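**Q** Model the full structure from these sequences, guided by the hints.
Chains as they are written, first to last, in my numbering: chain A, 26 to 396; chain B, 22 to 361; chain C, 9 to 674.
Calculated from the structure, these hints are not laboratory results.
Source: prediction; values computed, not measured.
Any given hint could be a false lead.
What follows is a list of derived Cβ distance ranges for each label pair [claimed, not checked]:
#, chain 1, residue 1, chain 2, residue 2, range
1, C, LYS304, A, SER337, 50 to 58 Å
2, A, SER140, C, ASP296, 55 to 63 Å
3, C, THR447, B, GLN166, 27 to 35 Å
4, A, GLU338, C, LYS386, 43 to 51 Å
With a Cα cut of at most 25 Å, we get these calculated BS3-like pairs of lysine-lysine [claimed, not checked]:
#, chain 1, residue 1, chain 2, residue 2
5, B, LYS351, B, LYS171
6, A, LYS167, C, LYS565
7, C, LYS565, B, LYS351
8, C, LYS164, B, LYS344
9, B, LYS255, C, LYS100
Glycine included, C-beta positions come from ideal geometry on N, C-alpha and C.
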Amino acid sequence: MGDGEMGEKSDRKQAFLQVRNLTKMFGSFTALKDISLDVAEKEFICFLGPSGCGKTTFLRAIAGLDIQTAGTIKQAGKDISNLPPAERDFGIVFQSYALFPNLTVNRNVAYGLESAGEGKETISARVNELLELVGLADQGDKYPAQLSGGQQQRIALARALATSPGLLLLDEPLSALDARVRTHLRREIKTLQEDLGITTIMVTHDQEEALTMADKIVVMNHGTIEQVGTPLEIYREPATLFVADFVGEMNQIPAVLGTKGTVNINGISLQCNSFKGKKGSSGIVTIRPEDIVPIKKSAAAKTKNIMDVTISEMEFLGSFWRATLSSKKLGDTSLIADFSANAARRLSLVEGASIRIELPQDALRFYEDGA
Amino acid sequence: MKKLLLSLGLGATLMMAAAPATLAGELTVYTAVEAEDLKKYAAKFNEDHPDITIKWVRDSTGIVTAKLLAEKDNPQADVIWGLAGTSLLLMKSEGMLEAYAPAGLDKLDKKFVDSSNPPSWVGMDAWVAAVCFNTVEAAKIGLTQPKSWKDLLDPMYKGHVIMPNPNSSGTGFLDVSSWIQMFGEDDAWKFMDGLHANIARYTHSGSKPCKLAAAGEIPIGISFAFRGAKSKAKGAPIEIIVPEEGVGWEMEATAIVAGTDNLADAKTLVDWSVTKKANEMYNAGYAVVAYPGVAKPVEHFPANLLEKMIDNDFEAAANNRKKILTEWQKRYDGKSEPKG
Amino acid sequence: MADTSTLSAPRIKPKVGRDDRIMRAFILVIGLYLVVTLALPLYTMLSKSFNTYSFDLTRFEIQIDKGDGWGETITPQTLNEATGKYKPEDLKTSSDGRLSVVSMIEGFSFRAKTLYRLRNIEAGGAFLSGSERVTDSEWHEYTSNEFRRVVLKPVKATGLDNFVQYFSNPSLFNSIFNSLFIAITTTIITITLAFTFAYALARSRMRYKGLFRVIAMAPILVPSLLPGIALVYLFGRQGMLHDLMGDQSIYGPIGIIAGSVFFTFPHAMIIIQTALSISDARLFEASDVLGASKTKTFFTVTLPGARYGLISASFVVFNLVITDFGLPKVIGGQFNVLAVDIYKQVIGQQNFEMGAVVSVVLLIPALLAFSIDRIMQKKQVALLSSRSVPYEPKVNKRFDRIMFSYALLVGGLIVGTLAVCQYAALIKFWPYDLTLSLTNYDFDVMDGGGWGSFYNSIKLAIMVAIIGTVVVFTGAYMVEKAPGFGLGRGIFQFLAMLPMAIPGMVLGLAYIFFFNNPDNPFNFIYGTLAILVICTVTHFYTVSHLTALTALKQMDKEFESVSASLKQPFYKLFSRVTVPVCLPAILDISIYLFVNAMTTVSALIFIYSPDTTLASVAMLNMDDAGDIAPAAAMGMMIFYANSLARLIHHFASKGLYAKTQAWRKR
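**A** Pasting the structure below:
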């Protein structure tokens, strides 16, 4: 979709990080297949995908920790494709924090500063500044083991930022933390990144993390990029069925494509805006649960894309109801729909009720099989 | 670069641990002479030649011989002083010895000098086979004192005799080879068959049987007289028996190692080793020495030892060594379980 | 999507950074160290075992003059064919082989007036006239009487003859069965005893567990021949408990097995104890709840849980026993085992080739046991990583009393053995003069190098501990952390694992062959302390290496990445973080090397020199010369030195721990 377009645009602006035709093989296994990507300066990028999709391999290639088999990487106009990590310009934070256990917090943070020929005072001033930045100014004399997980991760962040690198790499930095700390740190990292204006790449398997933090998400699967886009684009306009399925909840209904965007589901004909493929090709129609609109049966005449269904299950989830909808026409496939509490009350949506729903044209997307 | 410095330091340590090559005025001397005598030997030699330092390499005959042979292509020794004549014959046949006629050679008993001219080695003294008999232990179990080798075949000695294994000990080989020379080949093997039935076990070292007898570990140890005399001097209740048929003997000898880079000092040492003074020194422990007329009776040594020494054919012994050892091994080694 | 099989861009050749270069250089250096100190000597030894010697009768020419002038020129081959004296197999021999010429001559008499001429067809062949060696190609003339003293020397070739000879000589190859018998019997006994002891420590609430643990480890601190000496004093003919032996002799398999059980006990105990302590308490609770009897729990939970430990311990014990040299030498009597055979061949008969053959034979069971153990170890690791709850034994008075009595018995035997040696060392002349005296400590008048050898051993042990620890730990770090360079690391890892399977005797013998070659650039270390240090470090490389690896594997994998991203060289990380964090393991390695350098005999018996006599070797030599009491005295000196080192290690660890490991405390 927008992928190629964007790439060209950034090319003209000279993207901060340019990745071209990156391939990484481990023996005969191909972990990354011919990947190209541009990252603009100050951008916060998330590599998102299931485990084994190649996102960490990609990050490690950018860091030079596992150099790619083929393909080039340019950072700030400089070809760094074959450079060892020490000759690149980045800071990195790992899931395990990788704090040196026998060094105090101060000395951990100062680790990268010591050989730069700086005086002791300059270093200690910089360390204090960094610790303040991550909100741990008073913890400098403690050992890592004396800090909580969240605190340790912030120290790791401070250490990575100490040398003011041009690129910050975060490898699943939050996955070892519990949910509340995680949400809190998410915001903190994002703010810090914006304040410092540092180009950042984060690897995560957590879509919520990606959607809330990233300027742009790179969805990966089986060593390839499925889609690059803003969180909204990824969510609203998934380029592939994989993205549609991986990010958020998605109903999938087998269908056959007709002409001009009509799709046929067991005789029900629906109109959809987004489709690819020839007439007669079979595929999947998707719609997000929250896009399914319950309507009054009386209003039917005016609207297109209508379907009659039975509510086979209702599950109360606080701010909304999650309904499972079935219909003879759908066969074994059932639909998940999220109805607001308001709508549920208004339309008396209860288990066992037969209702009519609208599947809005702009919310339906058709993906051809095998595409 | 701390790491690199560290490894350089280590390298240097290793280099220092590796000692430098022999210095002038220093001789590396391989020997099998008893440890307690070596200091005395060096001191006496230094009385006349204070400028030459001796670095001793001492070990049992087998080890010194093996060491010398292993180092054949790269000899570490300058002089061999006090090693079994049989071993020196072996080295000679490998071309490892520097032929040299020391000053004063003519004064020595011809039996003690290599027959080649110039000789490759010269003898110092003889150590003579003997039987150590612990009187206390024997009395406890009612053993009578044997007088001859053949006496040892008596069934009453069953399990009470120890001798060195000729495959690991020069003394053991000396015994076997002397029996073959005295009794003739067939009778000697018959004798050994009988003896084997009485042997408790064979030791790896030649002096051990006598020390074991001295310690009461066994009543009868076939060993050599010198060892027995020493133990007796220390108060062990043993008699040193010289069997009537005669006893085998072996000489200790001296030679220069071919290829020494300190030939001058080596010659000085060998010259001194045949002097009367040196022979008097050897006599402190050995009743028979190479310089005629020097030997005085040694305390605790049996009186009739000299007469009983057989006319030993060292060359035949050396030439038949492999055959004899293989035969011995086939007959007695490994097959038998140890007996009480 | 790109095709997986083709690359749309050219292959990237990663630039080798400075760290990589240094690390590779280190791997290379330490790898080369292992090649020079292990692979090449072993190769030299192996090739030695294929050096054969045989008489080539066609290399000489003879002329005979029976009073009517020189006859035609013939070779001894012709003579032999005529008389049929020697069959082809008789012509196979060893390097010192000699073949009488006259025995091939029909009707030879040394009194005959016949003259003989003999020559080597080519210069370089050899025969002896008397003891004179003749190697030129000139004719040499002899009378009959002289000619009977002429013997031919063999020529060297390469082939399997030595092995054929070995396996056709029952007195040689019987040792294989003897060695296996000793090793297997000892393994069964040791494992049973050690398992029960470890079980008492892990599953009972008996008292003085700490003390028992210390006592059980004591045999590690003495050379393997020390129990042999104790056994002589206990069960020899003059032994304190001689009557218990009945008609049996302690000199032989009984003695070897008893002594082997003593010195292998702690090795087995540690492994089994570890295996028992990782068993999951939840299984026992489950078994309890299900109402299973103690016996049933034992057979269904305890034994299966410890099975890898038991198997591993068995192979370790097997390997220790089959490769041990000191003990069978001291107390083996007539019972031949492989390790002693090597010594007999080399020292007793100077037959290096056959020594090499026996070495190769000894390598096989050792290698086999080692490989199986490695496979088991891998499985054991998998077991370790599962999260289990440590077992807390409950009070059971009767069971605790039985276990306590057992531990008391075993502990008593160990302490008793050492006490006997100490007592014997202080007796003036056992058994005739029982006054106490220190004459047996007057090592300077005994074989073996005197007190100097004791100080040499201390020096050696300290050097081995320091140099070995640095080499081993650095090597392990490089193998574990260096990026890429897969093949080099693979070879290195293999070489590091190999020493475990190489018997000390074999390594020592290989060292003579390899280092004492004037063409060898490392020849200069021969006869120095350096070669002893190197040999000892190599001999004990594997266990140290594994200890280092285990410690390193527990470090976060990403330290190196972080350090590199901060543009810090790896050696800064190494010295600031890796070494301090691994300090406990490093100290363990150094004490392991120290103790073993003090007690090892087999690896060094062939390569020590007069300046570098060693306590453990002196002990063997003194025993060999019949000075058993001084040998016991020296053995106890080694024990005290090792105990002191252990004690220092204990307090040093504690001190360092307090100082540098503060971060471990929360």
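**Q** Holds or violated: LYS164/C with LYS344/B, Cα cutoff 25 Å?
**A** Holds, at roughly 19 Å.
**Q** Checking one constraint from the list: CA of LYS565/C to CA of LYS351/B, max 25 Å. Satisfied?
**A** violated (61 Å)
**Q** Measure nothing beyond the straight line between the CA atoms of LYS351/B and LYS171/B; if it is 25 Å or shorter, mark the hint as holding.
**A** At roughly 22 Å apart (the allowed maximum being 25 Å), LYS171/B and LYS351/B satisfy the hint.
**Q** Has the hinted range 27 to 35 Å been met by the Cβ atoms of THR447/C and GLN166/B?
**A** About 29 Å separates the Cβ atoms of THR447/C and GLN166/B, which means 27 to 35 Å holds.
**Q** Hint check: LYS255/B vs LYS100/C, CA-CA at most 25 Å. Holds or violated?
**A** This hinted pair is violated, its Cα atoms lying about 48 Å apart.
**Q** Can you tell me whether the CB distance of SER140/A to ASP296/C sits inside 55 to 63 Å?
**A** holds (59 Å)
**Q** Taking 43 to 51 Å as the stated bounds, is the beta-carbon spacing between GLU338/A and LYS386/C within them?
**A** 50 Å Cβ-Cβ, so the 43 to 51 Å window holds.
**Q** Going straight from one Cα to the other, do LYS167/A and LYS565/C come out at no more than 25 Å?
**A** Measuring from Cα to Cα gives roughly 23 Å; hence the hint holds.
**Q** Between LYS304/C and SER337/A, is the Cβ distance one that fits in 50 to 58 Å?
**A** holds (52 Å)
When each numbered hint is compared with the structure, violations occur for hints 7 and 9.
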